[in-house]
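**Student:** The listed protein sequences correspond, in order, to chains C and A.
Residue 1 is where the first sequence starts when you use UniProt numbering, and the numbers rise one by one after that.
Residue 1 is where the second sequence starts when you use UniProt numbering, and the numbers rise one by one after that.
Because the hints were derived from the structure by calculation, they are not lab data.
All C-beta atoms, glycine included, are put in the ideal place defined by N, C-alpha and C.
Hints may be right or wrong, so weigh each one.
[As the list claims (entries may be wrong)] Taking lysine to aspartate or glutamate pairs in the DMTMM-like style, the calculated list, with each CA pair at most 20 Å apart, reads:
no. : chain 1 : residue 1 : chain 2 : residue 2
1   : C       : 263       : A       : 19
2   : C       : 226       : A       : 52
3   : C       : 296       : A       : 19
4   : A       : 32        : C       : 32
5   : C       : 266       : A       : 38
6   : C       : 263       : A       : 68
7   : C       : 266       : A       : 19
8   : C       : 189       : A       : 5
9   : C       : 226       : A       : 19
10  : C       : 263       : A       : 16
11  : C       : 264       : A       : 68
12  : C       : 299       : A       : 5
13  : A       : 26        : A       : 54
14  : C       : 226       : A       : 68
15  : C       : 264       : A       : 50
16  : C       : 171       : A       : 30
17  : C       : 266       : A       : 58
18  : C       : 271       : A       : 48
19  : C       : 296       : A       : 52
20  : C       : 205       : A       : 34
21  : C       : 97        : A       : 50
22  : A       : 56        : C       : 32
[Said to hold, decoys possible] Derived Cβ-Cβ restraints for the label pairs, each shown as a range:
no. : chain 1 : residue 1 : chain 2 : residue 2 : range
23  : A       : 5         : C       : 229       : 42 to 52 Å
24  : C       : 33        : A       : 68        : 50 to 60 Å
25  : C       : 120       : A       : 5         : 21 to 31 Å
[Said to hold, decoys possible] Counterexamples of contact, computed for chain C against chain A with all Cβ distances above 12 Å:
no. : residue
26  : 21
27  : 36
28  : 109
29  : 120
30  : 147
31  : 174
32  : 206
33  : 254
34  : 294
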Amino acid sequence: MENIRISKIASYVPSKVITNDDLGEIMDTSDEWISSRTGIKKRHISVSENTSELCIKVAEKLLQESDWECASIDLIIVATMSPDSYTPATAALVQGKIGATNAVAFDISAACSGFVYGLTVAQSFLMQNEIKKVMLIGGEVLSKVIDWSERSSAVLFGDGAAGVLLEKSTKQSAFLAHDLKTYGELGDKLKAGETKPIESFPRTKEHVISGFSMSGRDVYTFATHKVPESIVTASKKAGLELEQIDWFVMHQANSRIVEQIAKKLKQPISKFPMNIEEYGNTSAASVPLLLDELVKSEKIKRGQVIALSGFGGGLTVGTQIIKY
Amino acid sequence: MTEQEIFEKVQGIVVEQLDVDAAAVKMDADIKEDLEADSLDVFEIMNELEDELDIKLEADENVKTIKDVVEYVKKEVAAK
């Protein structure tokens, strides 16, 4: 059977770096407090570029590194929870800017699982004959969403984007199996950008979009239970033992969560690379951002088996197991 | 379960999670002050107890000391 592969990968983060000490100057927190609880030391913050602009930078890098003509791209998907606007979709802005005139473009809203959900959506499209080349990008400017006066969440997030080119594969690379699940009944445990009806007509209340709110323990419990479950389900579908998986590339929400996932799976933490220290939680961008780093540093090599997992708002969880 | 059995269960989980000596996990030990747990440690201790004893525990319940945890667990086990 024909399969698909990640042919190129690229990332872009804004240049402004905010350390934990920088945050300590504007709110009651400290480097020790943040790093011991989350593993985060710094984050990149976009002051002037919006989500689509980060994604366009990634798209341009992907095109530079490949021999793809813009017009040959069939589909562009952006996974994001911080789009430029309700409409147009961030993916449409990317499509327009790079001139991918033949590509269909839309966004996926699955928060921190967005990139992994996107891989599965892209895979489904690529299984159709007329779709041959897909660009999938996870991009976020969370700094514009979060309430900077709310220290419990403000310390967690960062901005960035990363993406991949996907195409049909005749080589050893393949998508082996996936598991996606959504727990909508837990949706209120993690919310951002909530809007409300006008309540009266004509409208008298101000138009308000709320910031970020999270029930810490519920989300922690969800992640440390459902992510291991998802990885086990996907690996069974792939006919693999966990020992046969070379790398577990987890959404970088919190190093303590990743450590707990490793412990639950009884796999060495050395198979769970992390870069949260540098970027914080970049939601849909975190999995491809880490993947890019691992591929560029040649830690991940062609032919290795990788489990990619996202988890977060929805609540959602997803795992895609690939042979890179 | 007797109180002693619950204490031993709590003690085992706390030792594992916080990497402390079993001797330090006494009934009057303050989890955050004496055993240096942070909020995520408390989540994990509660989660382990929930999974092992098939009960539901709130992390923000008034639990400060090991004794508080033991009594809270005892109440929930009895209510099962």
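**Student:** Each hint needs a verdict: does it hold in this structure or not?
**Tutor:** Here is how each hint holds up against the structure:
no. : hint                    : in the structure
1   : C:263 - A:19            : holds, 14 Å
2   : C:226 - A:52            : holds, 17 Å
3   : C:296 - A:19            : violated, 36 Å
4   : A:32 - C:32             : holds, 16 Å
5   : C:266 - A:38            : violated, 24 Å
6   : C:263 - A:68            : violated, 27 Å
7   : C:266 - A:19            : holds, 18 Å
8   : C:189 - A:5             : violated, 34 Å
9   : C:226 - A:19            : violated, 25 Å
10  : C:263 - A:16            : holds, 12 Å
11  : C:264 - A:68            : violated, 27 Å
12  : C:299 - A:5             : violated, 47 Å
13  : A:26 - A:54             : violated, 24 Å
14  : C:226 - A:68            : violated, 29 Å
15  : C:264 - A:50            : holds, 15 Å
16  : C:171 - A:30            : violated, 58 Å
17  : C:266 - A:58            : violated, 27 Å
18  : C:271 - A:48            : violated, 24 Å
19  : C:296 - A:52            : violated, 42 Å
20  : C:205 - A:34            : violated, 49 Å
21  : C:97 - A:50             : violated, 52 Å
22  : A:56 - C:32             : violated, 31 Å
23  : A:5 - C:229: 42 to 52 Å : violated, 29 Å
24  : C:33 - A:68: 50 to 60 Å : violated, 24 Å
25  : C:120 - A:5: 21 to 31 Å : violated, 46 Å
26  : 21                      : holds, 20 Å
27  : 36                      : violated, 7 Å
28  : 109                     : holds, 27 Å
29  : 120                     : holds, 29 Å
30  : 147                     : holds, 20 Å
31  : 174                     : holds, 35 Å
32  : 206                     : holds, 32 Å
33  : 254                     : violated, 8 Å
34  : 294                     : holds, 26 Å
The structure is inconsistent with the numbered hints 3, 5, 6, 8, 9, 11, 12, 13, 14, 16, 17, 18, 19, 20, 21, 22, 23, 24, 25, 27, 33, although it conforms to all the rest.
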